[in-house]
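> If you want the building blocks of each chain, they are given just below.
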Amino acid sequence: MTAFVIRRLAQAVFVLFITSILVFGGLYLVGDPIEILVHPEADQIERERARVALGLDKPLVEQYLTFLKGAVTGNLGKSFVYARPALDVIFERMPATMELAVLAMLISIVLGIPLGLYAGLRPNSFISRSIMTGSIVCFSLPTFWVGLLLILLFAVTLGWLPSTGRGPTEEIFGLQLSIFSLEGLRYALLPALNLALLKLALIIRLTRAQTREQSLLDYIKFARAKGLRSSRVIGVHLLKNILIPLVTVIGLELGSVIAYAIVTETIFAWPGMGKLVIDSIFQLDRPIVVAYLLVVVCMYIIINLVVDILYSLLDPRVRISEQHG
Amino acid sequence: MTEQVQKIAKVQTPFKRLCSQFAESPVALVGLVVLLAVIFVAVFAPLISPQNPYDLSKLDLMDARLAPGETGLGGQHYLLGTDGQGRDMVSAIFYGLRVSLYVGLTSGIIALVIGSVLGVLAAHLGGRFEQIIMRIVDIQLGFPAILVALVLLAVLGKGVDKIIIALVSVQWAYYARTARSAALVERGKEYVEAARSLGLKGSRIVLRHLLPNAMAPLIVVGTVQVAHAIALEATLSFLGLGLPATEPSLGLLISNGYEYLLSGKYWISVYPGIALLITILAINLVGDQLRDILNPRLSR
Numbered sequence: 002m003t004a005f006v007i008r009r010l011a012q013a014v015f016v017l018f019i020t021s022i023l024v025f026g027g028l029y030l031v032g033d034p035i036e037i038l039v040h041p042e043a044d045q046i047e048r049e050r051a052r053v054a055l056g057l058d059k060p061l062v063e064q065y066l067t068f069l070k071g072a073v074t075g076n077l078g079k080s081f082v083y084a085r086p087a088l089d090v091i092f093e094r095m096p097a098t099m100e101l102a103v104l105a106m107l108i109s110i111v112l113g114i115p116l117g118l119y120a121g122l123r124p125n126s127f128i129s130r131s132i133m134t135g136s137i138v139c140f141s142l143p144t145f146w147v148g149l150l151l152i153l154l155f156a157v158t159l160g161w162l163p164s165t166g167r168g169p170t171e172e173i174f175g176l177q178l179s180i181f182s183l184e185g186l187r188y189a190l191l192p193a194l195n196l197a198l199l200k201l202a203l204i205i206r207l208t209r210a211q212t213r214e215q216s217l218l219d220y221i222k223f224a225r226a227k228g229l230r231s232s233r234v235i236g237v238h239l240l241k242n243i244l245i246p247l248v249t250v251i252g253l254e255l256g257s258v259i260a261y262a263i264v265t266e267t268i269f270a271w272p273g274m275g276k277l278v279i280d281s282i283f284q285l286d287r288p289i290v291v292a293y294l295l296v297v298v299c300m301y302i303i304i305n306l307v308v309d310i311l312y313s314l315l316d317p318r319v320r321i322s323e324q325h326g
Numbered sequence: 002m003t004e005q006v007q008k009i010a011k012v013q014t015p016f017k018r019l020c021s022q023f024a025e026s027p028v029a030l031v032g033l034v035v036l037l038a039v040i041f042v043a044v045f046a047p048l049i050s051p052q053n054p055y056d057l058s059k060l061d062l063m064d065a066r067l068a069p070g071e072t073g074l075g076g077q078h079y080l081l082g083t084d085g086q087g088r089d090m091v092s093a094i095f096y097g098l099r100v101s102l103y104v105g106l107t108s109g110i111i112a113l114v115i116g117s118v119l120g121v122l123a124a125h126l127g128g129r130f131e132q133i134i135m136r137i138v139d140i141q142l143g144f145p146a147i148l149v150a151l152v153l154l155a156v157l158g159k160g161v162d163k164i165i166i167a168l169v170s171v172q173w174a175y176y177a178r179t180a181r182s183a184a185l186v187e188r189g190k191e192y193v194e195a196a197r198s199l200g201l202k203g204s205r206i207v208l209r210h211l212l213p214n215a216m217a218p219l220i221v222v223g224t225v226q227v228a229h230a231i232a233l234e235a236t237l238s239f240l241g242l243g244l245p246a247t248e249p250s251l252g253l254l255i256s257n258g259y260e261y262l263l264s265g266k267y268w269i270s271v272y273p274g275i276a277l278l279i280t281i282l283a284i285n286l287v288g289d290q291l292r293d294i295l296n297p298r299l300s301r
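Chains as they are written, first to last, in my numbering: chain G, 2 to 326; chain C, 2 to 301.
Looking at chain C on its own, in the form it has when it is part of the complex (with noise of 0.2 Å):
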């Protein structure tokens, strides 16, 4: 008996075989390492940036526009130069690392719960309910995301509260989507079926049953739209859309730096650019690694 004890214990955990085989790929790895700097670059941002780009006592106009590399006048050291105002590139871009992550990170979870609630109640209590949700998620699928936010930020005006509001519209439809095909698979399961003629309370199925098995399409699916949104909100705050200058965005960095652009001023967009390009990029990575691992279809 003990010994048979001991022999379970051996088997891997779901947690720890999913761990070894996101391993398998060195690319994903990579991806993943570049993603947790870059979230703590963005959750420390105030104790490790050389200045605090926000205080305006602190910036000085006669460092304005200085190219990477050099040295203000009291003294500093630019190593992405500076913006317009004098602001040091290096703490901008982690300041609005923190922004743009906060964005996606937030609507990305709000939209996961909204969708992914919606979706499995869609495919757990089915008929009217359903068709309506069904029909609402195929017209908005049915246009850019871009033109949706756009039509909200339009309408909404800036602010952290409100791109997130946009953002979250934009995003619960495809959790809604992905939540109901995972329901629908896994209603049909003995599991569910047992949980049934026990004579569980529906919300309890929902909740314990249906919600937990889909997940993992629900995973796969927040990370790519995570990735999304973080690019979108840099998108439409690059427009003039989305974030207010007081909260500026990797998005609005760029934004401002385009003007300086023509006369050859290449950091002040080049170097938020290229921040944003590895957070999405690292986020893809990931994605599309736990895609492969946790897709049935593709599982070794």
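The shape of chain G in the complex, shown without the other chains (with noise of 0.2 Å):
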């Protein structure tokens, strides 16, 4: 066990590292961000001493060892237009994506088991085929366009919600919250549904195949059996044995969900990191966006660990192996 952490460490920092000259590399030779960061009527020895002061007169290999050296010390640089740490700038940004993540994986948890759960159990009744062909369409949509749609509907015609922007904030446990207050969730409903589409269709054909699978199985039958309540058949020995391979599912997800978050806020002016990072490729604000990518790994790696060990805690059948990973 203990192996296979340091492992998957090793690797983790391994891909930081790949990433980090990737992305440095690569956005290095995109644009000069003087041009778009220094006043356009400004003379050649302003733009000379702006280039100095943000150290883009240095070679390549220079900057990104200067770099690198501020990273090991948690240190990504400063952003060139808010002229402030780049971390800060993200760990600012990063409760309302976080919250915004979190709503829309519960808004799919609660609609997508219950449903999935039904169609699994009476496979072949009018509602379960509705819902698996509604799943499809579900699968199909496009996640910004939906969005665009939410937007129309709810926001334009109706008039029920607002359309764009995050509701007021309040301090809970250090955090600038907006979703424990009435108004803070009516702006955070329409993204979060938004962002919830995709993955409820997942969740409901997940839970459904493993419900038709499971629910063949011997145990279920001896349970039946036994002569228990069919609620308790399914609420607690079926539920049990479904719910392994979906969390597990349902963490990874966790992590696309903060990534499609960049689409979700571009759409609904969410003022989280993805929009962050999308203002800074346009801006060429390098930091911003070296900064945010390595966050993003970092936490899809954690996200990851911490999956494949709950995993084996949940499951008493896998063990992590020595040779794993």
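FYI, nobody ran anything at the bench for these hints, they're computed from the structure. Quick caveat: nothing in here was measured; it's all calculated off a predicted structure. Among the hints, erroneous ones may be present.
[Stated by the list, open to error] Below 25 Å or equal to it, Euclidean Cα-Cα: the simulated DMTMM-like pairs (lysine to aspartate or glutamate) are: (1) G:Lys241 / G:Asp316; (2) G:Lys70 / G:Glu93; (3) C:Lys163 / G:Glu93; (4) G:Lys222 / G:Asp316; (5) C:Lys159 / G:Asp280; (6) G:Lys241 / G:Glu214.
Mind assembling these two chains? They're in different frames, but the hints should get you there.
So this is what it looks like as structure tokens:
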């Protein structure tokens, strides 16, 4: 187990290192940030001064080494645009993204598991067929377009919910969160729903497949033969066993929800780190882009590792072997 | 003897059997018909569009933002309305489909070739080569496609060729994984052993024996991946990272309509979106049915 974790962490450092080289080297080739940052009427001397101030006059390798030296001590450079440490800017925006991602995951779990269970238990009923067809449609919907439709329907036509932006925040556990007030929830509902749709289809299909597979197994037959109530067989015996693969998938999908939040945040003008990185790509704010990617890759690796460990704890049949990973 | 030959000739060819199995699902059949229609529209867009949407001399700003069904100053009838520059939406959608399908199919085919060759080679050669390839595949598939594509496009910039590169880089890993697992199964079968004991060259075994037999799962992954590629390209273009404004795909059309959405001019965004949805849905329906009939575990 310890060897497994250590090996995974070593691999993580390697992936982070490669990502940083690729992104840093790649972004260096794209456009000159000075052209965007400096006032268009600035003369050559002012441009040079700005270049030196940002450290952009040095050769690429030296810039990278400076970056790497800082990165080891947790300093990923200063944002060109905000003139503050890039990590601070990102961490400031992170709670907004995280609350959106968690809310979206909750919506898809609360809706997806019951629907999937129903479709799995009565595979041939009309409602089950409708659920499954609905999930294919859901799967095929371009997320960003659904976001536009949600705005059009609930904000423009019906006027029930605000179209864009984030509600008032309050400090909870030192984080600025908005979804614990009613007003904040009104703002968060549409983007979260939008983000939840894709995962909803996945959870429905997975729950259904698991239910169909498990409900044929002997332990379910035995539980029924014992004369247990149907609700107990499904709610305790069946659910326990289908939850194991679901936990894995839900965990892994949390990472992809954070990544796809880039799209949702752009549509709904949600001030999270996804919107930040899109803006930064256009403003050629390299430190923010590099820092964002490293932060997200880090989160990904941590989530994957936690899910793997959780999986082996939940299912005693799966033991993380020394060769694994 | 001749009687026997005739009897054998009556047995359905695999292709015919595939067709009749495919036709068993009416939904999939509808999907296929719609898909063919979409492809037809995309291929012949210049011939069937009412207007060339990118010939600026044909556009009339006075006709901008007309609602669906309205008639322009020049007497043209705009079935789906016009966009902010007086462009007929029907024509814009036809041309947009063309770009979206082109990007999706091209990147899908390139990724299929690269991925399946690497995957089959990994299964055939084994050893270090297999380890390295599969480790790269694992790491890459651990990250969401949009993130990988976003990084690449931030680095590469805009353009049709750039977005194809990004989509290929995202997709090849799926094909590689599928091809490897299919080839691993095939490798253990008798006909490969027979080919080997006949003394055939490795390259011949890979190209003529393993690859064709690993094709079925690759086709299934391929249909799903092309749908994914089209959706991903639309998403990236919507974010402003994909295609340049001179070659608008459906995603870019939707993005252009976004600014008019809040004032209730829904058609500029909604109709290209419906076109996109229909395309992706049709591909997914066809893919779903293909998976069912090509999957040996579900065979009846």
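> Hint by hint, which ones does this structure get wrong, listed from lowest number up?
Violated: hint 3 alone.
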